[in-house]
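Engineer: Following the hints, complete the assembly by docking chain B onto the known chain A.
One-letter residues, chain by chain:
Protein chains: 2
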Amino acid sequence: MSELATTLGRNIREKRKKNGFSQDAFALAAGIDRSYIGRVERGEVNITVEKLYEIAAVLQCEPTSLLPAQNTL
Amino acid sequence: MSELATTLGRNIREKRKKNGFSQDAFALAAGIDRSYIGRVERGEVNITVEKLYEIAAVLQCEPTSLLPAQNTL
Numbered sequence: 001m002s003e004l005a006t007t008l009g010r011n012i013r014e015k016r017k018k019n020g021f022s023q024d025a026f027a028l029a030a031g032i033d034r035s036y037i038g039r040v041e042r043g044e045v046n047i048t049v050e051k052l053y054e055i056a057a058v059l060q061c062e063p064t065s066l067l068p069a070q071n072t073l
Numbered sequence: 001m002s003e004l005a006t007t008l009g010r011n012i013r014e015k016r017k018k019n020g021f022s023q024d025a026f027a028l029a030a031g032i033d034r035s036y037i038g039r040v041e042r043g044e045v046n047i048t049v050e051k052l053y054e055i056a057a058v059l060q061c062e063p064t065s066l067l068p069a070q071n072t073l
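First to last, the protein sequences are chains A and B. Using full-length UniProt numbering, you'd call the opening residue of the first sequence number 1 and step up by one each time. Using full-length UniProt numbering, you'd call the opening residue of the second sequence number 1 and step up by one each time.
Derived by calculation from the structure, the hints in this document are not laboratory data. As the structure is a prediction and not an experimental result, all values here were calculated from the model. You may find that some hints are simply not true.
To be verified - Quick list of in silico lysine to any residue cross-link-like pairs, SDA-like style, CA-CA up to 20 Å:
| no. | chain 1 | residue 1 | chain 2 | residue 2 |
| --- | --- | --- | --- | --- |
| 1 | B | Lys51 | A | Ser65 |
| 2 | A | Lys51 | B | Asn46 |
| 3 | A | Lys51 | B | Ala69 |
| 4 | B | Lys51 | A | Ala27 |
| 5 | B | Lys51 | A | Thr7 |
| 6 | B | Lys51 | A | Thr6 |
| 7 | B | Lys15 | B | Glu54 |
| 8 | A | Lys51 | B | Thr64 |
| 9 | A | Lys51 | B | Lys15 |
| 10 | A | Lys51 | B | Leu73 |
| 11 | A | Lys51 | B | Glu54 |
| 12 | A | Lys51 | B | Glu50 |
Extracted from the complex, chain A is given alone in its bound form (with noise of 0.2 Å):
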């Protein structure tokens, strides 16, 4: 489990937190299965940049504000 995904996970959760999803609506919203967003919040999983641009969408954020800055990894 890597610091970047970790990290990543967590500004993902937040930002679905603050947006008032739980992670079932969420899950629902981005088409995506609710294990696979619990992992991927866990940072267990290490998301293509496509995924990234796809759950940035449906938080109506732009992907770039996801991810940390490389010097804080």
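Structural biologist: Same frame as chain A, but now just chain B:
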């Protein structure tokens, strides 16, 4: 082949050339197969966020600087 992968690949190629790397030298520095780099640059691969950070580290730039804005896709 998605618009995202195509644009990301083009950005990586431009940055690689600006930094004076041949594809061979870049592949060596990044520890990535040369044919894989070619496929990334042509937008034929959906790379992971992890791989994006590795590529950006070799190119000495922020990973986010290689990503297109959501609304340009």
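Engineer: Please verify whether Lys51/A and Glu50/B have alpha carbons no more than 20 Å apart.
Structural biologist: Given pair Lys51/A, Glu50/B holds - Cα atoms ~13 Å apart, limit 20 Å.
Engineer: Within a Cα-Cα threshold of 20 Å, do Lys51/A and Ala69/B meet the stated pairing?
Structural biologist: 15 Å, holds
Engineer: Checking one constraint from the list: CA of Lys51/B to CA of Thr6/A, max 20 Å. Satisfied?
Structural biologist: Distance ~15 Å between Lys51/B and Thr6/A Cα, so the pair holds.
Engineer: Check the hint pairing Lys51/B with Ala27/A against an upper bound of 20 Å on the C-alpha distance.
Structural biologist: Violated - the C-alpha atoms of Ala27/A and Lys51/B are around 25 Å apart, more than 20 Å.
Engineer: Within 20 Å, alpha carbon to alpha carbon, are Lys51/A and Leu73/B?
Structural biologist: Roughly 14 Å between the alpha carbons, so the hint for Lys51/A and Leu73/B holds.
Engineer: Going straight from one Cα to the other, do Lys51/A and Thr64/B come out at no more than 20 Å?
Structural biologist: 15 Å, holds
Engineer: Below or equal to 20 Å on CA atoms is what counts here, so check Lys51/A against Lys15/B.
Structural biologist: Violated, at about 23 Å.
Engineer: Against the 20 Å threshold, does the CA-CA distance of Lys51/B and Ser65/A hold or violate the hint?
Structural biologist: 18 Å, holds
Engineer: Holds or violated: are the alpha carbons of Lys15/B and Glu54/B at most 20 Å from each other?
Structural biologist: Answer holds: Lys15/B to Glu54/B is near 14 Å, not above 20 Å.
Engineer: Need the status of pair Lys51/A, Glu54/B: alpha-carbon distance at most 20 Å?
Structural biologist: 18 Å, holds
Engineer: For a C-alpha distance cap of 20 Å, please report whether Lys51/A and Asn46/B respect it.
Structural biologist: Roughly 9 Å between the alpha carbons, so the hint for Lys51/A and Asn46/B holds.
Engineer: Under the criterion that the straight-line Cα-Cα distance not exceed 20 Å, is the pair Lys51/B, Thr7/A satisfied?
Structural biologist: The hint holds at about 15 Å.
Figure legend: structure checked against the earlier numbered hints; hints not met, in rising order: 4 and 9.
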